[in-house]
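Put chain B on the given structure of chain A with help from the hints.
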Amino acid sequence: MNTSDEEIQKKLEANLTVGNDLDSIAYRKVFNAVSSAPTFQLSSQFADKVLSKIEGKESKASSSEMYWLAAGVAVLFLAAIISGLLIGFKPSFGAFTFWASYPGLFAFAIGLFILIQWADKKILKTPSL
Amino acid sequence: MTEDRALVSQVLNGDRSAFRQLIKQNERLVTHMISRLVDHREDREELCQDVFLRVYEKLGEFTFQSKLSTWIATIAYRHGVNHLRKKKIEVSDVNEEKSFSTHFISDENIEENYSDQEMNNLVLKWIDQLPIHYKTVLTLYHVDSMNYHEIENITGMPEGTVKNYLFRARQLLKEKVKNYLGKEEMI
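In the order they appear, the protein sequences are chains A and B. Its first residue numbered 0, the first sequence is counted upward by one per residue in numbering that gives the first Met the number 0. Its first residue numbered 0, the second sequence is counted upward by one per residue in numbering that gives the first Met the number 0.
Derived from the structure by calculation, the hints contain no laboratory data. Note that beta-carbon positions come from the ideal geometry of N, C-alpha and C, so glycine has one too. Since no wrong hints were added, every one of them can be taken at face value.
Below, simulated DSSO-like cross-link-like pairs (lysine-lysine); rule was C-alpha separation at most 30 Å, straight line:
{"id": "1", "chain 1": "A", "residue 1": "K52", "chain 2": "B", "residue 2": "K66"}
{"id": "2", "chain 1": "B", "residue 1": "K66", "chain 2": "A", "residue 2": "K9"}
{"id": "3", "chain 1": "A", "residue 1": "K48", "chain 2": "B", "residue 2": "K134"}
{"id": "4", "chain 1": "B", "residue 1": "K23", "chain 2": "A", "residue 2": "K56"}
{"id": "5", "chain 1": "B", "residue 1": "K57", "chain 2": "A", "residue 2": "K48"}
Here are the simulated distance ranges between beta carbons:
{"id": "6", "chain 1": "B", "residue 1": "E158", "chain 2": "A", "residue 2": "S51", "range": "39 to 45 Å"}
{"id": "7", "chain 1": "A", "residue 1": "E12", "chain 2": "B", "residue 2": "Q116", "range": "20 to 26 Å"}
{"id": "8", "chain 1": "A", "residue 1": "A60", "chain 2": "B", "residue 2": "R84", "range": "23 to 29 Å"}
{"id": "9", "chain 1": "B", "residue 1": "L11", "chain 2": "A", "residue 2": "E6", "range": "44 to 50 Å"}
Okay, chain B solo, but in the shape it has when bound:
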């Protein structure tokens, strides 16, 4: 937190190299968030740039109520969701969970035996097919090592919902993997 304060103060005093350092420290987090939310690779870098422009503009309003990284992730999340809304992509698609689950878990044409690495890639591909809130929670928790409270701050979802989405996302992926493993055993 002290480091955050020093860095923010340097940026607010017009130190460009301090802002460069801020970008370097947080670009992975912003990239994870944007690339999980936005499918189009062409839009991703542009959106990441916009996130940091917004961070630069709003840094004076940062009150140190949370970690700087949490605040930046919040901006990235909202920016990503706004982008999806502008593109008329459904964001709150967890409501129709039952039909989604059935469709998601249903058989896929998998004919080969996969190595562990290939299975990882397959699971990552399935993560991309999950509802936006599920994959956001999964990424923040597992990739960026955020706790429930931090995820609550970033997404605005209650902690109970965060826990539930995390559980359901992992369960759906498990069913998908199980479905595949069962099929592999039969081959």
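Isolated chain A (complex conformation):
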């Protein structure tokens, strides 16, 4: 590094006075100018634009997640159907055929379930003022 240049730069950084030779004058002009910010300015709605881009990206990501979920479910069903066809699977209700002998009991169970749900919604979860 050039000693003279280094000295002048150090003095100007420390806000000390420098001489009146051409180097010092030129450095003073440089130091005056370098602290000026670039003139380019962002638009006044810059933050809004960034936030709307983020929202757009997030909604796109969430719809792509839904797409992959739907595709996964469809592939699963397709695989189940193909597997069933390949192994000759015959659907059977098994233990559930028991209900066929007791239709009244089945209807009572359904009714009780609906009653409990109604009571839960109307009585237990009513907000108190």
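Relative to chain A, chain B alone:
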């Protein structure tokens, strides 16, 4: 640093107004960095938006090893440099310094006497012509008041290189101004 932590935590909890505040606090720094690196005005705002999108995506990875502003400036610097590389603009052009210096300092057709303000504008124009690393260091040090260590973190250049680039950039500008002043004296 505590304020940084509170702000980051709010943003990570989905508070959009906190992110708006983060943008407001750092948009000047990002603008300075991008506008020094990228000449095309049309690209600048788009790039600044991309920087903040990246900040939003990566905020969960911020470890508070540095100030939030330093971390954001690092993202802005890398984003700007990547943009230049994509556009095939030379980034590491300090290697051919000698030929650059000769070309940079050489006479320009200056025929008028300039006021202080006009001289400032002239110097700012010359800054834009400096190699990318020189003008980055100059801007971070003089405009954004960053110290050598922070500039080292942002640019990845060793502290000695940062000091050297800062010295050389100011020296080159001085030679350019001196060249002009000498000419003015002769007129």
